[in-house]
Amino acid sequence: MSDKPENNAYWATNIKIVTWCLVIWALVSFGFGILLRPLLSGIAVGGSDLGFWFAQQGSILVFLGIIFFYAWRMNKLDAEHGVDEQ
Amino acid sequence: MDQFVLNWIFIGASFVLYIGIAVWARAGSTSEFYAAGRGVHPVVNGMATGADWMSAASFISMAGLIAFTGYDNSTFLMGWTGGYVLLALMLAPYLRKFGKFTVSEFIGDRFYSPTARLVAVICLIVASITYVIGQMTGVGVAFGRFLEVDNTTGLLIGAAVVFAYAVFGGMKGVTYTQVAQYVVLITAYTIPAIFISMQLTGNPIPALGLFGDHVASGEPLLAKLDAVVAELGFNEYTTHHADTLNMVLFTLSLMIGTAGLPHVIMRFFTVPTVASARWSAGWALVFIALLYLTAPAVGAMARLNISELMWPGGTDGEPVSTEMMEADEKYAWMATWQKTGLLGWEDKNGDGKIAYFNDKDADKVAEMEAAGWGAENELTNFNRDILVLANPEIANLPSWVIALVAAGGLAAALSTAAGLLLAISSAVSHDLLKGQLTPNMSEANELLSARLAMAGAIAVATYLGLNPPGFAAQTVALAFGLAAASIFPALMMGIFSKRINNKGAVAGMLVGLVVTLVYIFLHKGWFFIPGTNSFTDADPLLLTIKSTSFGAVGAMLNFATAYVVSNATEEPPAEIVELVESVRVPRGAGAAAADH
Chain Y
1 MSDKPENNAY
11 WATNIKIVTW
21 CLVIWALVSF
31 GFGILLRPLL
41 SGIAVGGSDL
51 GFWFAQQGSI
61 LVFLGIIFFY
71 AWRMNKLDAE
81 HGVDEQ
Chain E
1 MDQFVLNWIF
11 IGASFVLYIG
21 IAVWARAGST
31 SEFYAAGRGV
41 HPVVNGMATG
51 ADWMSAASFI
61 SMAGLIAFTG
71 YDNSTFLMGW
81 TGGYVLLALM
91 LAPYLRKFGK
101 FTVSEFIGDR
111 FYSPTARLVA
121 VICLIVASIT
131 YVIGQMTGVG
141 VAFGRFLEVD
151 NTTGLLIGAA
161 VVFAYAVFGG
171 MKGVTYTQVA
181 QYVVLITAYT
191 IPAIFISMQL
201 TGNPIPALGL
211 FGDHVASGEP
221 LLAKLDAVVA
231 ELGFNEYTTH
241 HADTLNMVLF
251 TLSLMIGTAG
261 LPHVIMRFFT
271 VPTVASARWS
281 AGWALVFIAL
291 LYLTAPAVGA
301 MARLNISELM
311 WPGGTDGEPV
321 STEMMEADEK
331 YAWMATWQKT
341 GLLGWEDKNG
351 DGKIAYFNDK
361 DADKVAEMEA
371 AGWGAENELT
381 NFNRDILVLA
391 NPEIANLPSW
401 VIALVAAGGL
411 AAALSTAAGL
421 LLAISSAVSH
431 DLLKGQLTPN
441 MSEANELLSA
451 RLAMAGAIAV
461 ATYLGLNPPG
471 FAAQTVALAF
481 GLAAASIFPA
491 LMMGIFSKRI
501 NNKGAVAGML
511 VGLVVTLVYI
521 FLHKGWFFIP
531 GTNSFTDADP
541 LLLTIKSTSF
551 GAVGAMLNFA
561 TAYVVSNATE
571 EPPAEIVELV
581 ESVRVPRGAG
591 AAAADH
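Heads up: the sequence lines are chains Y and E, in that order.
According to UniProt numbering, the first sequence is numbered sequentially starting from 1.
According to UniProt numbering, the second sequence is numbered sequentially starting from 1.
No lab work stands behind these hints: they were computed from the structure.
Glycine included, C-beta positions come from ideal geometry on N, C-alpha and C.
Among these hints, one or two may not hold up.
To be verified - Derived Cβ-Cβ restraints for the label pairs, each shown as a range:
hint, chain 1, residue 1, chain 2, residue 2, range
1, Y, Gly42, E, Ile529, 46 to 52 Å
2, Y, Gly42, E, Ala216, 48 to 54 Å
3, E, Ser217, Y, Gly65, 33 to 39 Å
4, E, Leu541, Y, Gly65, 35 to 41 Å
5, Y, Asn8, E, Gly12, 57 to 63 Å
6, Y, Ile24, E, Thr536, 32 to 38 Å
7, Y, Ile24, E, Ser442, 28 to 34 Å
Unchecked claim - The list that follows gives simulated cross-link-like pairs (lysine-lysine, DSBU-like), each with its CA atoms no further than 35 Å apart:
hint, chain 1, residue 1, chain 2, residue 2
8, E, Lys100, E, Lys364
9, E, Lys360, E, Lys100
10, E, Lys360, E, Lys339
11, E, Lys348, E, Lys330
12, E, Lys364, E, Lys330
13, Y, Lys16, E, Lys348
14, E, Lys339, E, Lys364
15, E, Lys339, Y, Lys76
16, E, Lys364, E, Lys348
17, E, Lys360, E, Lys348
18, E, Lys360, E, Lys330
19, Y, Lys16, Y, Lys76
20, Y, Lys16, E, Lys100
21, Y, Lys76, E, Lys498
22, Y, Lys16, E, Lys498
Pulled out of the complex, with its shape left as it was, chain Y reads as follows:
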């Protein structure tokens, strides 16, 4: 199967999608929620700041978005490369 170029292209695209999703995943939690919070402290959200919101709620909402995006994108990619379940 490693000789089939379409499978290699499929996997390379998958790795690219996963990588970008994980960059966003890390950015909203470790980034906005913890390490970059001081940079967001000027943006007020209901009695605290944007970093606090990301740490307590925002990151969870973004996680949801990432997973549903990935499921949708991959199911489309499966079909494009003809590797979906029939």
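Could you slot chain E onto chain Y? The hints should help.
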């Protein structure tokens, strides 16, 4: 109606429901026992995963830990949800395509080694048992209070109920039971939160109320809370005080651990297709997020309510008097919880008042002494694990809400305990006995040994639950650290690398598990026996890394060891490379095979 009777009715009715479903959906074949015949819809599967996942740690313990620490404990919120991203993107679809029943089967086949499978089984059992201890802590707290029995009796009743439906039902029984438990659990969590959010902010959605305005003062709720706790000498609620390195590692441990826990991963073997495995992870997080978005509101609002109860005239007024605590109905919950030994107060200076403040803060001590309230905090004990269960009483809500929360807390603890026991039993009977020791075992004998393993595991967990190493959520965090350090790296490398071989995977798992376990034992006591520890989490061995955060370090050691050892030894055989390639594409995913 009497509160005690009402608790019994709610708890009893919910148990009848769960056991009824377990009996109705009784498993007949091995395939049904482990994976429910793969006939479970992604939404149903997501809901069951939610119940399975949200345990005593999420329901009973987490909001209490957030309430008393504030922002710094956001790590629990991000960590226990962020893991689903890893699960959905890096494990679930591939493991479903692989098409076997257990995590260790994948590791055994991918790393073409019975030793790898055996090591994986050991890692799973160590992490799962640690996890169940945390559940039993929660069960003990809940039963101790609501059935007004002592901790030991509560644990035994809980153990018997879990045993009944997990043993007779198997995965199919557990799946549908857990759907019912999810409904009970989420209702019980959100209804009191809605009441309290209405009282404090006028907003019926607690997650929005948290960032809304406090009705009584007109200020934003969080600003009000920051001011009140600062007045009492505590850290401001929304500011960052904890060590940043430890926060990052702790969050990472919980995330990686989520994607390495057998009872959650097993869920993705029960969906019909690879595509639905991807959706299932999303649905699971939807149902989990309903509780996780509410939890920080529950914590913040409870903290404000408690501070105001202890200082009824405001923080510049007088502390609550002991007469008022006896006479006023609003304080009745304190007397009931005092009986469990998890809440305590003492009028140390004999002024007839209970002053609640941070007596580690020298300025505040001087101020309190000058005001005549004494130099010591007189609310001497407030166990974090009681906060969610006591919350409806603290807010003076109707008694049916209190009974509902009792049923919800038990649903959370019992559903997770049942899922874990299923994972432990399949590890023992399917992987250890059938996979290694007695490969010719009949299906009937395999099912019998699965049930015996469950009985054994519950006995051990109940025994260890009597003497837990921390609050429920903290014990559970240790289990996540162990799963993070051992299982997740092996699974991930098995899918994303063709180069990692049998020797690399075994060495990686062993290094990750042993180093993490030793680090935990050095800080929490050997085998969790109190007093046998050489270090404490306040002054840890390495930098500022607490034992609960070490899983992330263990995982890195696992990755590094596997990489170095694999590259120093021979490449995996061609058929393994082919297996990896077939796992990476969805086409051809059929029903799983029970044998191999």
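Check: Can you give the numbers of the hints that this structure goes against, from lowest to highest?
Finding: Hints 2, 7, 8, 9, 13 and 15 not satisfied by this model.
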